[in-house]
Every structure is written in C-alpha cells, then in structure tokens.
Amino acid sequence: MQKLTCIECPKGCVLSVMIEAGKVVEVTGNLCPKGCTCAVSEIENPVRILTSVVATEGLSLKMVPVRTDRPIPKGAIFHVMQEIKKIKIKKPVHLRDIIVENCLGLGANLVATRESL
Amino acid sequence: MHQYDVIIIGAGVAGTSIARELSRYKLNIALLEKEEELAFGVSKSNSGIIHPGTQNPRNSLKGKLCVQGNLLTRKISRELGVDFKEVGALIIAFKEEDLPRLAQIKAEALVCGVPRLQIVRPSWLKAHEPNLSGEAIAALYAPSAGIISPYRLVYALAENALKNGVEIYTQHKVTQILAVGKAGLNAGPFFEINAAGQKFRTRYVINAAGLDADLVSRLAGVDSFRIQPRKGEEFILDKKKEHLTNHLLFPLPSKNSKGILVIKTADGNPMIGPTAQDCDDKEDLATSDAGLKEVLSSAQRMIPSISEADIIAYFTGLRPVAGDDFIIRHEEKAPGFINVAGIQSPGLTAAAAIALFVCDILRKSGLSLKKKNIFHSHDKKTIHLFSIPLLRSAKLIKKDPAFGDIVCRCEMVSAREIQNAIAGGAKTLDGIKFRTRAQAGRCHGSFCTTRIMKILSASIGKPLTQITKKGSGSEMVQEERGNA
Amino acid sequence: MLKKDLVIVGGGPAGMAAAISANKFGVKDILLLERDQYLGGILNQCVHTGFGLDYFKEVLTGPEYAQRFISEIRRNPEIEISLRSFVVDLTQDKVITFLKPGLLQRVKAKALIMATGCREKTREMVHIAGTRPAGVFSAGLAQKLINIEGLLPGKKVVIVGSGDIGLIMARRFVLEGSEVKAVIEIQKTSRGLLRNMVQCIDDFRIPMFYRHKIAKIYGNKRVEKVSVVKVDDDLQTIPGSEFQIECDTVLVSVGLIPENELIEMAGVQIDKKTNCPVSEELNKTSIPGIFVCGNSFKVYDIVDVVSRDSEIAGELAAVYLNKR
Chain Y
276 MQKLTCIECP KGCVLSVMIE AGKVVEVTGN LCPKGCTCAV SEIENPVRIL
326 TSVVATEGLS LKMVPVRTDR PIPKGAIFHV MQEIKKIKIK KPVHLRDIIV
376 ENCLGLGANL VATRESL
Chain W
21 MHQYDVIIIG AGVAGTSIAR ELSRYKLNIA LLEKEEELAF GVSKSNSGII
71 HPGTQNPRNS LKGKLCVQGN LLTRKISREL GVDFKEVGAL IIAFKEEDLP
121 RLAQIKAEAL VCGVPRLQIV RPSWLKAHEP NLSGEAIAAL YAPSAGIISP
171 YRLVYALAEN ALKNGVEIYT QHKVTQILAV GKAGLNAGPF FEINAAGQKF
221 RTRYVINAAG LDADLVSRLA GVDSFRIQPR KGEEFILDKK KEHLTNHLLF
271 PLPSKNSKGI LVIKTADGNP MIGPTAQDCD DKEDLATSDA GLKEVLSSAQ
321 RMIPSISEAD IIAYFTGLRP VAGDDFIIRH EEKAPGFINV AGIQSPGLTA
371 AAAIALFVCD ILRKSGLSLK KKNIFHSHDK KTIHLFSIPL LRSAKLIKKD
421 PAFGDIVCRC EMVSAREIQN AIAGGAKTLD GIKFRTRAQA GRCHGSFCTT
471 RIMKILSASI GKPLTQITKK GSGSEMVQEE RGNA
Chain V
756 MLKKDLVIVG GGPAGMAAAI SANKFGVKDI LLLERDQYLG GILNQCVHTG
806 FGLDYFKEVL TGPEYAQRFI SEIRRNPEIE ISLRSFVVDL TQDKVITFLK
856 PGLLQRVKAK ALIMATGCRE KTREMVHIAG TRPAGVFSAG LAQKLINIEG
906 LLPGKKVVIV GSGDIGLIMA RRFVLEGSEV KAVIEIQKTS RGLLRNMVQC
956 IDDFRIPMFY RHKIAKIYGN KRVEKVSVVK VDDDLQTIPG SEFQIECDTV
1006 LVSVGLIPEN ELIEMAGVQI DKKTNCPVSE ELNKTSIPGI FVCGNSFKVY
1056 DIVDVVSRDS EIAGELAAVY LNKR
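Residue numbers (this note's numbering), protein chains in the order written: chain Y, 276 to 392; chain W, 21 to 504; chain V, 756 to 1079.
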C-alpha cells in the first residue's frame, strides 16, 4: 500500500495505491479516472513533461521556451537537458515547430512554445 | 610616474568636496578611491541631513564647520544642480524634566551661531507637525536644517572636479606612502604613493579615507588616532508616506548619537534610524532584528502611525568615529600630510566648510594657491523624470525619445537617465541606483534589474556575467546559456 | 487629448481576456496599454505547464496559453494595442497619462479596466536581517533571468517560501544544473499546490524545512551563507535551533502584492492590508467606471480563473458604457 499525490490537475487527490510485484492492482481516493492512470504511471513508469528554454542567434527572442510534446521517462530528464543546453536556434521559429525530433529516441519531440522570428 | 601637487585619498563627500574646491586653483590634483565607484564607503549610508548646527561640542571644529557648511552647501547645490531643500528640524521633548536640557541645547547652539532658533509649544506642533505624538510637550525648532541626496552630491562634486581638471582613479587602494624628501628646486615635502601597482608622486597628501583613515595615516607614519566604527541601521519607508512629517524629527540626544530620527529624504521616502552601536569590524554591514525593533519603537514614539508594513528597504552604515571632534590638521610628523579624519555627523553638512579649512591649512603649509582664469563653477542639473512636472517631461520625450522608455517603474526612471548615469561614471548596479534611484523603489529591482544589466553590459562592453552589484566579487549572475 | 470608450491597463492574461470580452459585449473603441514590448504579461516567463487545464481543457505552458489570447486580439481591429506604454498618472475622472519611447500621451477614458497584476514581496518587507550582497533575488526576477535571458543566477540556492513560485523555481534551478540546498517555509505545510510539491520537490529530493525561517544572510559582495532557525507555533525563534547553510543565492518567494498604486493615486479606496481595491461586487471599485481584474483585484492561484474573472470585468465595462 502506498500513498501518492495525483499530479494530473490542481486538485491533487491523495491516492491510496495497492501494489503487488511492482504492479498496481488497486487505486482509491481519486475523484476522476485520470487518477488511476496517474497512479499506474507513477509506480510503473514515471514520466514528466520537460519544459525549458533554448538559446537563439539573430532572432527576436534571446531564449525560446520549449517543451516535450509528450511526457518522457523521469530518469531521462537530465539527459534531455544536456541536449537542450547545446542547442542554438538560428532560423525563425513558429509555435509548435519541432526543434528536436524524437529526442534521444524517447518518442517525444522537443517543440517551441513561443514564436520568434 | 604620475606627478601631482595634491593627492586626496578617499572619494566620499569630504574628499570630493576638497577636490572640487582645490580645482579652482592652478594645481595638479588626483583623487584616489579604493572602491569601484565613488561614495561607496561611508558616504552612501548617510542620512542626507544638512544640520543646523545644534548638538555639537563646545568650541569644536564640528560646531564651527557645521554652521558654515550649512550655508555653503546651499550655494554649492545651486551651482551644481543638486536639490537642496530647507525643511527645518525639531528636537522634541516628552517630559517636563527634559525642558532644561532643551534650553541648554538652544543656548549652546546660539553660541555656535545657529540662526532663527525658537522653542515651540504643543499648539505650534499640532499645526505644523500634525502626525507628531500628542505626548510631545515642547520642541526646539531649527529652521535652517535641510535635506540633500548625499551620493548625488558626491557625484556632482566629482563631475565638476573632473571638468575642472582633477584626475580621479577608482579601484586604487593606497598600500604604501613614502616620504621621499625635498626634490630639486621645488621646495616642499614629497611623497611617493603606491596604489593598484602604480606609483604616484605628490607634494601634499590629504587623507580623507573614512573608515580607513587611521590605517592610511599610519602608512604615512602618523599613528595618533584610531577610527572606532559605530554602526547605524536605517529603515526606509514607502514613498507613499512622503508627507508623514514636515520637518526632520529628533529626540533629545543620547551620549554618543543624535538619537533615532524620523527623517525626510531628498528622494521623498521617509527614513527612520539610525541606531548607534560601537563595533569592531569595519566590514560589518549587517542589519538585525534588534535594530529594527529599536528603531521602530523609537520612531513610533514620535510618529505613532508608523508601522512595520511601511518599511520597504533598510541598510547599515558605519560612522568613522575618532573621538568627539573632527581631526583636520597638518601633521608635523609627516610634513605635507594632512589628516581629514573622524568625519562623522555633521560631516556631510560640514564638507564644504572642511574643504575651505583644508585649503587654509595647505596655504599655511606653503602651498601657493593661485586661482585659475577659467573655473567651471556651474553644472546643469541632472534630469530625473520623477521630480519634474509631466508637461516638462513631454517636451523632453519629444526631443529625446529615450526619456519615454521607462525602465524602473517604481521610481519612474527612463532609459536615457540610466544611460546618462553610465556616461557620468556608473559602472555597477549600485552606482546606477545611487545616481538615478532605479532599483531603489518598492519592488527593489524585481522589475528593472534585467533591463539595467543589459543596458550596462551594452554601454561598457562587458558580458552580462561580469555585471556587478557593487564591484568585483559581486557579480549578479554566474552563467549565460549559449555563451559558455 | 485622446478620447477612448474603454482603456485597459495591462496586456497580460487578465487585460487580454477583459478586452476580448468587452468587445464581444459591444464595446468597439478599446485601447490596451502594455508596458513590455510584448503582450502576455507574466505568462511569457512561465515556461512550465499547468495552464489551461480548465479553460482550454489542454495542458499548456504559459506562453502557449497567452498566445491563444494574443492571436485573437491581433485579429481584432477594434482593440488598439500600445506596447512599451507605461502609465504614470491616473485621475479620478479617468484621465490616463502614459509614456512610451518618444511620446507622452493623455487619454480620457469613459471606462477603465485595470489589469496590472502583482509585484513580489521583497526580502526587505519580511525583514530578513544581515547584509545586502549580490545573490538575493525575488523568485520572479530569477525566473525572468533564466527563462527570458538565459542567465543562471547562482549554483547553490536556498529558497525562502514554499508557495508555487518558489517550488517552480526550485525545479527550474535543478534542471539548469544548480543545487537547491533547501526550501525554508515558516508555516507547518507548503503553501503551493500538491502537484508542484511532487514535481518540484519530491522528484529532486530537495530538503524542505517547515516551521523554519532565515535568521540572517551573510556575505559582503555575494551571498556566502545563511543561518536558519526553527520557530514555534507563534513564529518565535526557538533558541539553540540555529544552523547554517552555505550558498551563493537566496531566492525570496514570500508572497505577492497587487499593484494598485495607480488607482490609489486616483482616489480609489484600497484595503491597506492586502493592497486590493475595496469592493462590494467582483471587479468593481469605489469609483464607478473603474474596474479591476486579475491578480490586481485579488491574488489568484490559477490563470484559468483569472481569464474568467476578467471576462466578467469586460462585460461590466460594456454594461457601464451602455453597450450591452
């Protein structure tokens, strides 16, 4: 039995999760179905959306904010951050433009969240 | 080798006043300052009060030079375009048994030549100082007290001195002073000074080094006094409370200080303090919870409506105390070496008079003071948007668009004013703050710091990672992405 | 003097939602004043997700949320935008004076919506004793330095305050490679959303100290260390509990203050304790025709709620102008 906080929305339901052999068998305390998926994910394969900024050269914004368009494994966060720090965008960027495709083979693209021309 | 007639050590209000005064004469003058910018020592923590001349020891230099300085400062501030406002001061008594003391202070002040003094009663106080506690029973009213911005005065004096030929070296800490005897045909003492790895030769040295005046004096072989740092914590209130008081408010003085005051500042924000606590460390600039409590309760005794929520900033200063009086004298032990030490309250007020006094000492020591044919006595007033009417601002902005580009919103400071400050010598964020008031308002730089850093970086050609708050070692940020 | 039906001060999420709403309810002559060079307000530096879950039913970052409103405003010729425009004066008859590079402009508005957001409580307001070295930042300034300028304020950080901004910045610093040595919170529990505690603190195992406060900041040129003490339930220091943490950065995240100095200048009644306008009804002030929305009306936790509140303000302005 483990307690954890659901992170799907600001409500932050406190979930009680029954675990057997590393797998989730029961979830209680959630006010909506997202709580179940969250619990399974947090226990079996925790993922996070990574947000940060990348440097540019010659564009209207000095830094362009970016995000992974899908959650990535928690353990890969710092590896992706290392990649992000190396980037320098020199061509105009539009909202949702892919900056890095399938970042580190994790199945998520790094996309721009603000336009900079 | 740099060769001068006079070298002044310390670019605070005393040093720059002396430099400016001496720049009237045909002399080669240098001003050496150890910090990155001027007024970064004692002068920046000054309360900004031009004292009327009360509460000085009998027959003291403090007494004489304070009264003289009160008048001279008005003239200089007009010449240099620095705002001076006569607001008057009240020394307030709360108890019957304090009345004789008040009368004594008045009597002593009259001997010193303090003008227009009068004892006022509760009815006067109620009419002229409505927020004053009803428990005040009488006050000594000294109308000739005024307020000025201490660092803006220093910068104005320095810029005028520069214009009139004085050379100013910052980041030049004096590490050695050698008397090298008479040289050639020019009779008179000679010194060789080492500062920042450079050698300077001069006939006369003026030691105006504030907290380090005793150390500098010892470098010249004169070990006759010690500087005792006396800490003072001050707390600045929101500008919204500008009209809380009409005069400078003093309690009856204590043994070693004028007491905790309610101060009107030239910037508009009221200020309460300072405490007075002897300390050992010349670098201890920390404020404390105890200091806050002490200042708040003393200030509330005079103005009950002051609350802790009004406080938007605070700082600590160290007074360079050397006994009861100023030490301003030519040192027989080191001919040509003049000490200007122990310049604590009323140092700011007396500075202009100290400068004349020092000129006198120089004359008596054999330096010939010949007036220049051309001396630029006047400087234009620095433009501060926050202190001019909006209609005038409109004209300025039309002529110079950068005046309409607001960088600091709490104090209404434009990009042009920031650029002017940098052109005038500001190299650090604090330097810009003291000259323009940007970052000194209620949000304390949360909004404007980024922009100011960028303007400074572009103007002086340094990367953002080298922009400092107050000189080397106080860099604001550590890394820049994309510019490793 | 320029005349406008409706002037809105502030082009962040509140001001933009109010403008769009007022226009929808019939106001055709709107001027939106924004002091920065972009619309979007504080959202531009909030590069993390957590926005729009309620309003758009999507998981968005701050800039993405802002762009939804920016796009709509830019398409609308009835909303005039003036950027780099800074309001310096406001009178009770709704005469606004603003400055921008090259121009000082006075505008007489029939109705006025203030959407000026908040500023942060500073270290000075909570009186953290000690010296004043480089390295003490409000959380918002640190966020701007990192996210807008790509500058890292420091490598060893102590954060004061566990509200959402403090928690978000804890994660931000860690992601950039700094060490967050502690979050110091004077209350018994965190003031931020639980999901932020999980994603910002638990994820990175950052030490949390509840019922603690910073007693003193040390360092003359740059922060060198802080001393921390435990406090009791009356928030008084417990003697003997002091310990020190070496650090080069102190982040102060101790609360927000609505920016209402302009309406105060105009004579609107302000609650002295909160700096919010005294108000009988949502978004209204003591002067008819002057409305306040978003964080300058009251400090909200979530921008989705700000958008809805500001839409109401827009409608109220339309009603006041007899357009609705």
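Please note: incorrect hints may appear among the correct ones.
Listed next, the in silico SDA-like pairs over lysine to any residue satisfying Cα-Cα at most 20 Å (straight line) [unchecked claim]:
| id | chain 1 | residue 1 | chain 2 | residue 2 |
| --- | --- | --- | --- | --- |
| 1 | V | Lys865 | V | Lys876 |
| 2 | W | Lys259 | W | Lys146 |
| 3 | W | Lys313 | V | Lys855 |
| 4 | V | Lys910 | W | Lys418 |
| 5 | V | Lys812 | Y | Lys361 |
| 6 | Y | Lys360 | V | Leu930 |
| 7 | W | Lys392 | W | Glu187 |
| 8 | Y | Lys361 | V | Lys1053 |
| 9 | V | Lys849 | V | Ser1041 |
| 10 | W | Lys259 | V | Glu813 |
| 11 | W | Lys259 | W | Ser479 |
| 12 | Y | Lys309 | V | Ala970 |
| 13 | Y | Lys309 | V | Glu813 |
| 14 | W | Lys415 | V | Asp989 |
| 15 | W | Lys260 | W | Ser327 |
| 16 | W | Lys415 | V | Asn1030 |
| 17 | Y | Lys349 | V | Lys976 |
| 18 | V | Lys783 | V | Ser1041 |
| 19 | Y | Lys337 | W | Ser479 |
| 20 | Y | Lys286 | V | Arg946 |
| 21 | V | Lys976 | W | Ser407 |
| 22 | V | Lys876 | W | Asn79 |
| 23 | W | Lys474 | V | Arg1063 |
| 24 | W | Lys419 | V | Glu813 |
| 25 | V | Lys855 | W | Glu303 |
| 26 | V | Lys1027 | W | Glu328 |
| 27 | Y | Lys309 | V | Phe811 |
| 28 | V | Lys936 | W | Ser492 |
| 29 | Y | Lys361 | V | Lys910 |
| 30 | Y | Lys363 | W | Ser407 |
| 31 | W | Lys259 | V | Lys812 |
| 32 | V | Lys1053 | V | Arg946 |
| 33 | V | Lys812 | Y | Pro285 |
| 34 | W | Lys313 | V | Lys1053 |
| 35 | W | Lys418 | V | Arg960 |
To be clear, the hints were calculated from the coordinates, so they are not data collected in a lab.
Each hint, compared with the structure:
Restraint check: the Cα-Cα separation between Lys865 (chain V) and Lys876 (chain V) comes to about 33 Å, which exceeds 20 Å; the hinted pair is violated. Straight-line distance between C-alpha atoms of Lys259 (chain W) and Lys146 (chain W) comes to about 23 Å, which puts the hinted pair past the 20 Å bound. Of the pairs offered as hints, the one joining Lys313 (chain W) and Lys855 (chain V) is violated, with about 43 Å between alpha carbons and a cut-off of 20 Å exceeded. A hinted pair counts as satisfied when its Cα atoms are at most 20 Å apart, and Lys910 (chain V) with Lys418 (chain W) does not qualify at roughly 45 Å.
For the hint linking Lys812 (chain V) to Lys361 (chain Y), the alpha-carbon distance of about 33 Å lies beyond 20 Å, and the restraint is violated. Distance hint between Lys360 (chain Y) and Leu930 (chain V) is fulfilled; the C-alpha atoms sit about 10 Å from each other, no more than 20 Å. Distance hint between Lys392 (chain W) and Glu187 (chain W) is fulfilled; the C-alpha atoms sit about 16 Å from each other, no more than 20 Å. With a CA separation close to 41 Å, the supplied pair Lys361 (chain Y) and Lys1053 (chain V) exceeds the 20 Å bound.
Restraint check for Lys849 (chain V) and Ser1041 (chain V): the C-alpha separation of about 13 Å stays at or below 20 Å, so the hint holds. As the CA atoms of Lys259 (chain W) and Glu813 (chain V) are separated by approximately 44 Å, the hinted pair breaks the 20 Å bound. The straight-line distance between the Cα atoms of Lys259 (chain W) and Ser479 (chain W) is roughly 30 Å, outside the 20 Å bound, and the hint therefore fails. For a cut-off of 20 Å, the pair hint linking Lys309 (chain Y) to Ala970 (chain V) is broken: about 43 Å separates their Cα positions.
Taking the CA atoms of Lys309 (chain Y) and Glu813 (chain V), the gap is about 14 Å. The hint holds against a cut of 20 Å. Straight-line distance between C-alpha atoms of Lys415 (chain W) and Asp989 (chain V) comes to about 56 Å, which puts the hinted pair past the 20 Å bound. Note on Lys260 (chain W) and Ser327 (chain W): the hinted pairing holds, with a Cα-Cα distance of about 13 Å set against a maximum of 20 Å. The suggested pairing of Lys415 (chain W) with Asn1030 (chain V) is violated, with an alpha-carbon distance near 34 Å, which exceeds 20 Å.
Under the criterion of a C-alpha separation no larger than 20 Å, the hint pairing Lys349 (chain Y) with Lys976 (chain V) is inconsistent with the structure, at around 38 Å. At roughly 25 Å between alpha-carbon atoms, Lys783 (chain V) and Ser1041 (chain V) are farther apart than 20 Å, so this suggested pair is violated. In summary, the hint linking Lys337 (chain Y) to Ser479 (chain W) is supported, as the alpha carbons are separated by about 19 Å, within the 20 Å threshold. Using a Cα cut-off of 20 Å, the hinted pair Lys286 (chain Y) and Arg946 (chain V) holds, with the two alpha carbons roughly 14 Å apart.
About 32 Å separates the Cα atoms of Lys976 (chain V) and Ser407 (chain W), which puts this hinted pair outside 20 Å; it is violated. This hinted pair does not check out: Lys876 (chain V) and Asn79 (chain W) have alpha carbons roughly 49 Å apart, beyond 20 Å. For the hint pairing Lys474 (chain W) with Arg1063 (chain V), the CA-to-CA distance comes to about 36 Å; that exceeds 20 Å, so the pair is violated. Note on Lys419 (chain W) and Glu813 (chain V): the hinted pairing is violated, with a Cα-Cα distance of about 49 Å set against a maximum of 20 Å.
Distance hint between Lys855 (chain V) and Glu303 (chain W) is unfulfilled; the C-alpha atoms sit about 43 Å from each other, more than 20 Å. At most 20 Å may separate the alpha-carbon atoms for a hinted pair to count; Lys1027 (chain V) and Glu328 (chain W) meet this at roughly 13 Å. The hinted pair formed by Lys309 (chain Y) and Phe811 (chain V) meets the criterion: a straight-line CA distance of about 17 Å does not exceed 20 Å. A hinted pair counts as satisfied when its Cα atoms are at most 20 Å apart, and Lys936 (chain V) with Ser492 (chain W) does not qualify at roughly 26 Å.
Our distance criterion of 20 Å between C-alpha atoms is met by Lys361 (chain Y) and Lys910 (chain V), whose separation comes to about 19 Å. Simply put, Lys363 (chain Y) and Ser407 (chain W) have alpha-carbon atoms about 44 Å apart, too far for the 20 Å limit, and the pair is violated. With a CA separation close to 44 Å, the supplied pair Lys259 (chain W) and Lys812 (chain V) exceeds the 20 Å bound. Distance check on the hinted pair: Lys1053 (chain V) and Arg946 (chain V) sit about 17 Å apart at the alpha-carbon level, within 20 Å; holds.
Restraint check: the Cα-Cα separation between Lys812 (chain V) and Pro285 (chain Y) comes to about 13 Å, which is no more than 20 Å; the hinted pair holds. At roughly 31 Å between alpha-carbon atoms, Lys313 (chain W) and Lys1053 (chain V) are farther apart than 20 Å, so this suggested pair is violated. A distance of roughly 56 Å separates the Cα atoms of Lys418 (chain W) and Arg960 (chain V); the hinted pair therefore is violated under the 20 Å criterion.
Comparing the model with each numbered hint stated earlier shows that hints 1, 2, 3, 4, 5, 8, 10, 11, 12, 14, 16, 17, 18, 21, 22, 23, 24, 25, 28, 30, 31, 34 and 35 do not hold.
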